[in-house]
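Visitor: As you go down the protein sequences, you meet chains R and L in turn. Per my numbering, the very first residue in the first sequence carries number 14; after that it's consecutive. Per my numbering, the very first residue in the second sequence carries number 302; after that it's consecutive.
The reader is advised that the hints may include incorrect statements.
[Said to hold, decoys possible] No farther apart than 30 Å at their CA atoms in a straight line, the calculated lysine-lysine pairs in the DSSO-like style are these: (1) R:K14 with R:K111; (2) R:K70 with L:K317; (3) L:K317 with L:K371; (4) R:K14 with R:K70; (5) R:K111 with L:K371; (6) L:K317 with L:K374; (7) R:K70 with R:K111; (8) L:K304 with R:K70; (9) L:K374 with R:K111; (10) L:K317 with R:K111; (11) L:K371 with L:K304; (12) R:K111 with L:K304; (13) L:K304 with L:K374; (14) R:K70 with R:K26.
Read the hints as simulated data drawn from the structure, not as lab findings. As the structure is a prediction and not an experimental result, all values here were calculated from the model.
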Amino acid sequence: KAGVTQTPRYLIKTRGQQVTLSCSPISGHRSVSWYQQTPGQGLQFLFEYFSETQRNKGNFPGRFSGRQFSNSRSEMNVSTLELGDSALYLCASSLAGKITDTQYFGPGTRLTVL
Amino acid sequence: AQKITQTQPGMFVQEKEAVTLDCTYDTSDQSYGLFWYKQPSSGEMIFLIYQGSYDEQNATEGRYSLNFQKARKSANLVISASQLGDSAMYFCAMRGSTLGRLYFGRGTQLTVWP
Numbered sequence: 014k015a016g017v018t019q020t021p022r023y024l025i026k027t028r029g030q031q032v033t034l035s036c037s038p039i040s041g042h043r044s045v046s047w048y049q050q051t052p053g054q055g056l057q058f059l060f061e062y063f064s065e066t067q068r069n070k071g072n073f074p075g076r077f078s079g080r081q082f083s084n085s086r087s088e089m090n091v092s093t094l095e096l097g098d099s100a101l102y103l104c105a106s107s108l109a110g111k112i113t114d115t116q117y118f119g120p121g122t123r124l125t126v127l
Numbered sequence: 302a303q304k305i306t307q308t309q310p311g312m313f314v315q316e317k318e319a320v321t322l323d324c325t326y327d328t329s330d331q332s333y334g335l336f337w338y339k340q341p342s343s344g345e346m347i348f349l350i351y352q353g354s355y356d357e358q359n360a361t362e363g364r365y366s367l368n369f370q371k372a373r374k375s376a377n378l379v380i381s382a383s384q385l386g387d388s389a390m391y392f393c394a395m396r397g398s399t400l401g402r403l404y405f406g407r408g409t410q411l412t413v414w415p
């Protein structure tokens, strides 16, 4: 079974631009979660989608948004990029996001904002 | 809310020796899951082991075992017979009533030396 894939793997953007990151979950997984990882803040939860609906959201500004498609693939968008948005963005999928469901992570997208 | 504490920023172990990575958690949920992940320098989060709050036996997966002490709210990871390839950052995480969301500790950087 193919793992979680994320594209692109690396991105360089400038302040004020917007960016879209893509995540394809493991086949059969309907829950997709996004995390931001920085050296200073560690791993922070952005949001989680299940069956095309945002089910949970972390404490991030509205510039961060996402969506999920009927095939469970997910995208996240960051508008008006700031220097502090430079981070590793990790996508994870699980069957349904339940307590016992293991989240499997993709390789991440490393975003650099100049 | 859930909180994960990993008090060891860095650990060193000689090859073939066993090592214990500490993790304590705080939650008001009765039902929860505990996870350990490994993150090599490449960035991808690799799932290692899972323990459910109602599991009576400690989880084991190959060289990994979880020392689960529910009353103390601790879930320490034990790696037996360390290998050079075990050098990585290790994260403890938990999921409770918030579906699809994992709460992570700050991680422990493990270095295995020959």
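Visitor: Each hint should be assessed against the structure and marked as holding or not.
Guide: Evaluated hints:
no.	hint	verdict
1	R:K14 with R:K111	holds, 21 Å
2	R:K70 with L:K317	violated, 42 Å
3	L:K317 with L:K371	holds, 29 Å
4	R:K14 with R:K70	holds, 29 Å
5	R:K111 with L:K371	holds, 20 Å
6	L:K317 with L:K374	holds, 29 Å
7	R:K70 with R:K111	holds, 16 Å
8	L:K304 with R:K70	holds, 17 Å
9	L:K374 with R:K111	holds, 21 Å
10	L:K317 with R:K111	violated, 36 Å
11	L:K371 with L:K304	holds, 15 Å
12	R:K111 with L:K304	holds, 18 Å
13	L:K304 with L:K374	holds, 11 Å
14	R:K70 with R:K26	holds, 25 Å
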